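> One-letter residues, chain by chain:
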Amino acid sequence: MSGHESTYKPNTGIEKWLDDRLPIIRLAHDSFVDFPTPKNLNYWYTFGGILAVCLAIQIITGVVLAMHYTATVNEAFGSVERIMRDVPFGWLIRNIHMVGASMFFLAVYVHMFRGLYYGSYKAPREVLWLLGCVIFLLMMATAFLGYMLPWGQMSLHGANVIINLFGAIPLVGEGIQSWLMGGPSVGNQTLQRFFSLHYLLPFMIAGVVILHIWALHVPGNNNPTGKEVQDVEKDTIPFHPYYTVKDGFAIVVFLIIFAVFVFYAPNVLGHADNYIEANPLVTPAHIVPEWYLLPFYAILRAITFNIGPIEAKLLGVIFMFGAIAVLFLLPWLDTSKVKSMRYRPVAKQFFFGFVVACLLLSWCGASNPDDPVISMGEDKLVVSYTDVAGIEGTRVFEEYAPAAQFRDEQTAAGATASLAVQAAPAFRFLHLSQIMTAYYFAYFLLILPILGLRERPKGEPDSIHQSILGHDAPAAAPAE
Amino acid sequence: MKLFRPLLVGLGAMALGLTAHAAGGAKHAHGPDEGWPFAKVPAGQLDSESVQRGFQVYKEVCSSCHGMKLLSYRNLGEKGGPFYSDEYPNANDNPLVKAIAAEVEILDPNPDENGDPVYRPAIPADTFRSPYPNDQAAMAANGGAMPPDLSVITKARGHGAEGEGASYIYSLMTGYKDDKIKTKVGEDGLNVNYIEFDDGETVGTLTQPTGLYYNPYFAGDATPQWDGDPRHVPYGGFLAMAPQLPEGRVEYIDGTEATTSQMAYDVAQFLQWAGDPKQGQRKSLALPVMIYLVLLSILLWFSYKRIWRNVAH
Numbered sequence: 001m002s003g004h005e006s007t008y009k010p011n012t013g014i015e016k017w018l019d020d021r022l023p024i025i026r027l028a029h030d031s032f033v034d035f036p037t038p039k040n041l042n043y044w045y046t047f048g049g050i051l052a053v054c055l056a057i058q059i060i061t062g063v064v065l066a067m068h069y070t071a072t073v074n075e076a077f078g079s080v081e082r083i084m085r086d087v088p089f090g091w092l093i094r095n096i097h098m099v100g101a102s103m104f105f106l107a108v109y110v111h112m113f114r115g116l117y118y119g120s121y122k123a124p125r126e127v128l129w130l131l132g133c134v135i136f137l138l139m140m141a142t143a144f145l146g147y148m149l150p151w152g153q154m155s156l157h158g159a160n161v162i163i164n165l166f167g168a169i170p171l172v173g174e175g176i177q178s179w180l181m182g183g184p185s186v187g188n189q190t191l192q193r194f195f196s197l198h199y200l201l202p203f204m205i206a207g208v209v210i211l212h213i214w215a216l217h218v219p220g221n222n223n224p225t226g227k228e229v230q231d232v233e234k235d236t237i238p239f240h241p242y243y244t245v246k247d248g249f250a251i252v253v254f255l256i257i258f259a260v261f262v263f264y265a266p267n268v269l270g271h272a273d274n275y276i277e278a279n280p281l282v283t284p285a286h287i288v289p290e291w292y293l294l295p296f297y298a299i300l301r302a303i304t305f306n307i308g309p310i311e312a313k314l315l316g317v318i319f320m321f322g323a324i325a326v327l328f329l330l331p332w333l334d335t336s337k338v339k340s341m342r343y344r345p346v347a348k349q350f351f352f353g354f355v356v357a358c359l360l361l362s363w364c365g366a367s368n369p370d371d372p373v374i375s376m377g378e379d380k381l382v383v384s385y386t387d388v389a390g391i392e393g394t395r396v397f398e399e400y401a402p403a404a405q406f407r408d409e410q411t412a413a414g415a416t417a418s419l420a421v422q423a424a425p426a427f428r429f430l431h432l433s434q435i436m437t438a439y440y441f442a443y444f445l446l447i448l449p450i451l452g453l454r455e456r457p458k459g460e461p462d463s464i465h466q467s468i469l470g471h472d473a474p475a476a477a478p479a480e
Numbered sequence: 001m002k003l004f005r006p007l008l009v010g011l012g013a014m015a016l017g018l019t020a021h022a023a024g025g026a027k028h029a030h031g032p033d034e035g036w037p038f039a040k041v042p043a044g045q046l047d048s049e050s051v052q053r054g055f056q057v058y059k060e061v062c063s064s065c066h067g068m069k070l071l072s073y074r075n076l077g078e079k080g081g082p083f084y085s086d087e088y089p090n091a092n093d094n095p096l097v098k099a100i101a102a103e104v105e106i107l108d109p110n111p112d113e114n115g116d117p118v119y120r121p122a123i124p125a126d127t128f129r130s131p132y133p134n135d136q137a138a139m140a141a142n143g144g145a146m147p148p149d150l151s152v153i154t155k156a157r158g159h160g161a162e163g164e165g166a167s168y169i170y171s172l173m174t175g176y177k178d179d180k181i182k183t184k185v186g187e188d189g190l191n192v193n194y195i196e197f198d199d200g201e202t203v204g205t206l207t208q209p210t211g212l213y214y215n216p217y218f219a220g221d222a223t224p225q226w227d228g229d230p231r232h233v234p235y236g237g238f239l240a241m242a243p244q245l246p247e248g249r250v251e252y253i254d255g256t257e258a259t260t261s262q263m264a265y266d267v268a269q270f271l272q273w274a275g276d277p278k279q280g281q282r283k284s285l286a287l288p289v290m291i292y293l294v295l296l297s298i299l300l301w302f303s304y305k306r307i308w309r310n311v312a313h
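For the protein sequence lines, the chains are A and B, in the order given.
The working numbering puts the first sequence at residues 1 to 480.
The working numbering puts the second sequence at residues 1 to 313.
With the rest of the complex left out, here is chain A:
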């Protein structure tokens, strides 16, 4: 925390000399060694460290991959495969980078949900949260750009879908679209600029991460009680060795999961179609983004109606970007004075509902919107016919045999008749995604603002150390 005095003592001559000129060792010491950290951080708080590791892994493997990758439409696909085949341990580096993107998002989502649950976005940590949202946005851009580089079918057609979204913006949409593509269509020039930007953005992420850590170290960590540190002695311990070892353990457990994917199922998180070289003339049957973008894709597709003069396509784009924009407003939308949802029994229920909504949105994003989630009744058969007199009619059947017989009779009588399936009424993925989209926005725009004014918090401790004592003494009021 910014308030605490530096305890760094340069011991050697060189350290003293450096400390007078550039106190970088002092900075590192105060930030990562002697930094007072609340005693009660649980494992959900280890994901910050895990994310730092993820970023480092992506940058290191990415720099090596860039040495061997060729960003032209004719050679990109082959060059990625050549990395897998001919570069020593190229298969390992590429698998780590590919799986690493998914692991990065897995960790960032846990990290964000943790922040949502413990109210880590509230004063005095609004800037910390905003910087995190910027990092999330940059991550999504970087991942999207990177997914294009292997130049498979999903790369090309996924890029097409996303870039076309910008075309929905009135007046300037088409201009933005061709500016992004660098030409009239997604082609070689698009691939080259995407590669350039894919290399650039991670370093911008790294820059914002530094600001993020800085903004963390001014107010200090939030913690599961949401109470600020009152007594450095009683409430905190130094970051090292206490949290270096705890984070270290969590990082290695995370790496075990990471390694399972890298070694046993490197392709399971991707889409098989991306191993078919891009062909603008063949469109894949289902274009789906990578799993971590599915909730936003579901929100985009959930909007199938116009509101006033705004058409559905543009509205979908507005909602999709709105889903991220609303995160930036969160610190001012949540009116509750209590940070941690541990002590907000009602808000807690809505929070878990929000987690489920996000997961269901992912499911919707991966599914065909017209497919039924729950089918109500059986599909029926309908025979449509136009008889010799030109009179049209339809008849509905449950069974195939009488339907076919009826059709054949009509045909024999000179009518034109055809038989088709009449789908049973169903609750479809489209409906599910619309409900979940509504909940997603309601959570931020209605539930959190209203609930904070009306709910009654329960069992909030006075301080961090009181909550810790509550753990140890079973007679005291349960902290959780």
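Simulated from the structure, these hints should not be mistaken for laboratory data.
Just so you know, not all the hints are guaranteed correct.
What the hints assert, rightly or not - Calculated cross-link-like contacts (lysine-lysine; reagent style DSSO-like; alpha-carbon spacing at most 30 angstroms):
hint	chain 1	residue 1	chain 2	residue 2
1	A	K337	A	K348
2	B	K27	B	K40
3	B	K40	A	K380
4	A	K337	A	K234
5	B	K40	A	K234
6	B	K69	A	K9
7	A	K337	A	K458
8	B	K98	B	K69
9	A	K348	A	K458
In this text the structure is predicted, and so the values were computed from the model without any measurement.
Position chain B against the provided structure of chain A, taking the given hints into account.
For chain B alone, kept in the frame of chain A given last:
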């Protein structure tokens, strides 16, 4: 622990979601009954004899229509490849690989000193010969359908789990219903091929379009050709490739009996190798890495317990 429960439920839903991008109406592909040797945990490896036989199947059957442009002959003799030998760590020296390459005549990428094209026997450094000079020629020779390149076909099918791509190849090659095809004379006097189905609710007749072949594992939609209940259309669709592996299509050098399923098994395993030639190295490195990480995590757990032993938290 309270936090964990909904997340577990969520992960379950996520797993469901991930399996949900299944392809159209194709039948779910299956591997051989005993499973794929390379998909076994923790360190399954390819059956190299099967990969060798599979190469023979590719060479004698598939290669007349399907190219493998990402492979070079040298790959066959590299570590993990079907013809690797400890005596020849450099695959370019491997006499078997040299002989396989030399059987093929290719157009040299470099012309001679007069600028004329040069045809010569291939060397291990050359890429597999493409059966057609270009895509247009490939389509023209196959009724407009482009035979896909097979270099990474096992990674381009299924959903990315180990062995799903090979299972697709195996199911497709053994899945044709050619023994069920009947022929009648159609209204225009030409022969019409059809298949009668009587399988549970799927009852009816499927007419096979000329030049196409029905396969339940091929992604497609058979509805327009289906005379029967449209709510119960048979799985799969029609593809331009005729059944390729009738019994005895190849005569295996090692004397293995060339049944359809044996050839399908072998060629699927060859293509599995070709799609990811370093998978053997990946599998043999997997276990040591896992053991290392698990031991490290145990060590860190006890360090954590020890460091925190006097801190209430």
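> Compare the structure with each hint and give your call.
Against the structure, the hints:
| no. | hint | verdict |
| --- | --- | --- |
| 1 | A:K337 with A:K348 | 15 angstroms, holds |
| 2 | B:K27 with B:K40 | 24 angstroms, holds |
| 3 | B:K40 with A:K380 | 45 angstroms, violated |
| 4 | A:K337 with A:K234 | 24 angstroms, holds |
| 5 | B:K40 with A:K234 | 53 angstroms, violated |
| 6 | B:K69 with A:K9 | 63 angstroms, violated |
| 7 | A:K337 with A:K458 | 12 angstroms, holds |
| 8 | B:K98 with B:K69 | 18 angstroms, holds |
| 9 | A:K348 with A:K458 | 12 angstroms, holds |
Hint violations for this structure: numbers 3, 5, 6, all remaining hints satisfied.
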